[in-house]
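S.K.: Next come the chains, spelled out residue by residue.
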Amino acid sequence: MKKKLLVFVLVLPMLAILLSGCAEGLQAASWPSITVEGEYAYVAAGPQLYAVELDDGDDIWQFSQKSTMQNQFAIFATPILTPDGQLIVGAYDKVLYSLDPTVDPEQEDNINWSFPDAKDRWIGSVLVANDRIYAPNADHKLYILNFDGELQGEPFEADNALWTAPVTDGEKIYFTSLGSTVYALDAISAEKVWEQKIDGAILGGIALGPDGVLYIGTFSGMVTALNTSNGKPFWEKQFPGQIWSTPALSDGTLYVGTSDGHVYALNAEDGSEISDFMADSAVLGTPLVLENKIIFGTELGTLYFLDRETLEDNREILAGKLYGTPVLAGERILVAPVKGDYILLAYDLDGKQDWTFTPDK
Amino acid sequence: MWETIIVTPLTNLLLWVNTLVGGHFWIAIILFTILIRLATHPLMAKQMKSTAALQEMQQSKKWQEIQAKHKGNKEQLAQEQMKMYKEAGVSPFGSCLPTLIQLPIIFGLYQSVMRALSATPLQLTYLVKSAGTFTGELLNINITEMIPLNSNFLWMNLGQPERVTIFGFGVSILAIIVAITTYIQSKLTMPATPSANPTDQSAQMGKMMSLYMPLMLLYFAWNYASGLALYFIVSNVLGIVQYALLGKANWKNLLPKSLQPATKTGGKK
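One line per chain: the protein sequences are A and B, in this order. First residue of the first sequence: 884, per my numbering; consecutive thereafter. First residue of the second sequence: 44, per my numbering; consecutive thereafter.
No lab work stands behind these hints, which were simulated from the structure alone. Warning: the hint list may mix true and false statements.
Claimed, not checked - A short, non-exhaustive set of chain B residues, derived as facing chain A with CB atoms under 7 Å:
#	residue
1	Thr83
2	Pro164
3	Leu165
4	Thr187
In this text the structure is predicted, and so the values were computed from the model without any measurement. Glycine residues also receive a C-beta, built at the ideal position from the N, C-alpha and C atoms.
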């Protein structure tokens, strides 16, 4: 009986930990993101940040940190390079890291500095502009740092979590909160210029037009065009599906993916619909718009290469889900699926697979 | 299967309660806990009845005699004990099986709270999928209007472990309250009359659980989202109320031994 009692009291908590850990595999889970610079791609894919050679998909280095029970380390926010060569990555352990991308962390420490003062995860990527790093955190605050990682003034507190990267037109910094609010801060003083509530939670970022217009899609399926000077809406268009990502703007046309599998092309001037392509499942990432093609992934793992004029498509079926945005790297398209067979895949512009990346260890 | 039967329905139920209380998620957790407790009350009442019968039997003269008679022969002792259980219509597991049955509910509830709070984009996709299932449609969950959930409660974010800085150290007030209420509940449910038999296994188990459970739940509450700690506290308080209303709470167990009134131990009259 004593043995049974001992087994009971030991097994019970282990079972509890196991079952609670089974919730979505890992609490800190999202989809990978990619940055391309020079000859390398940097892939934020959860427990590791990878540097991958663009020519052949070789593993250059991997960066990771230890997790604790309260702060699990994971990087999903898009890494951003500063003009002085720092790679800025925000992680789910609430720390913002500046890395030297030329240094292999297995050989020596590649952390320039770290900023640990945020109270929640770094989900959206930073904006580098005006010799500053504008860093949005899920603790509702926009932190402004210099290139040495020092906080510049008080962080700006929004009404809800900040999940997306800010944008700037040089005069103002624009960003969105999960609580349906769009903010504009003065780029130099960081004082609020305006804020505007729109319809629906905002999961994606802002597409900034050249003519003083911001384009935003919301969780309620609304696409809104706002005036950058005062935040007032120019036009709004409602769709049945949810919008999870930043609209893509190209040559006066706005491209938006929705959760019910549509990719809409809209006239950026007035929101009128130009075309509507039906994919095989949810399109949660921002479409990549090239001169002749639109490239995007779907929840079922299909990578579409759509002719921009005719909407004829060829497609590749991958293992995993394609929630993120495809990235252009020279003559290649890079994609990083969720729970796929590979961390990163490269295709040519016609949709033919070039190489795949799986880490060495 | 776990997802379909437990997590998704619990998540949708939690979201539904959340809409009833104007989006105040902390109230939703409290109401949800009350609902779960009410639903599992028959099991709990059965557990209490079984525990009481077991304790009474184990403190009877006949039981003590069997223990003494077959002290050196474990097999014979076990046989005689099983005979007594059968005659009394009591199961030796009757006191812990209902608790074990409630465990999946606790685990499922934790997962549903975490899913509802959706602290990351991928978690939000799971939440949206949950809302689109049969139970979500049955409860008319309109996830588009619900996001983001209001996860704030007093100084806490219900999706994060709770911390207050005291003298430079991060301390979880909620976790401490969880440990205290768990300890109180354990003490109240222990027999009023301690067993005279020093080798009484169930008494030993009860003692161990009254120390072990508070520590285990303290660990969980310290390291996991504060929404879970809130659930534990409400559940413990409701448990104490349930025991009190059924007349099974042994309040004098909360007093230090020196202050407890003297009682005769063991022996059925």
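S.K.: Hint by hint, say whether it matches the structure.
M.R.: Okay, the hints, checked on the actual structure:
no.	hint	result
1	Thr83	violated, 18 Å
2	Pro164	holds, 5 Å
3	Leu165	holds, 5 Å
4	Thr187	holds, 5 Å
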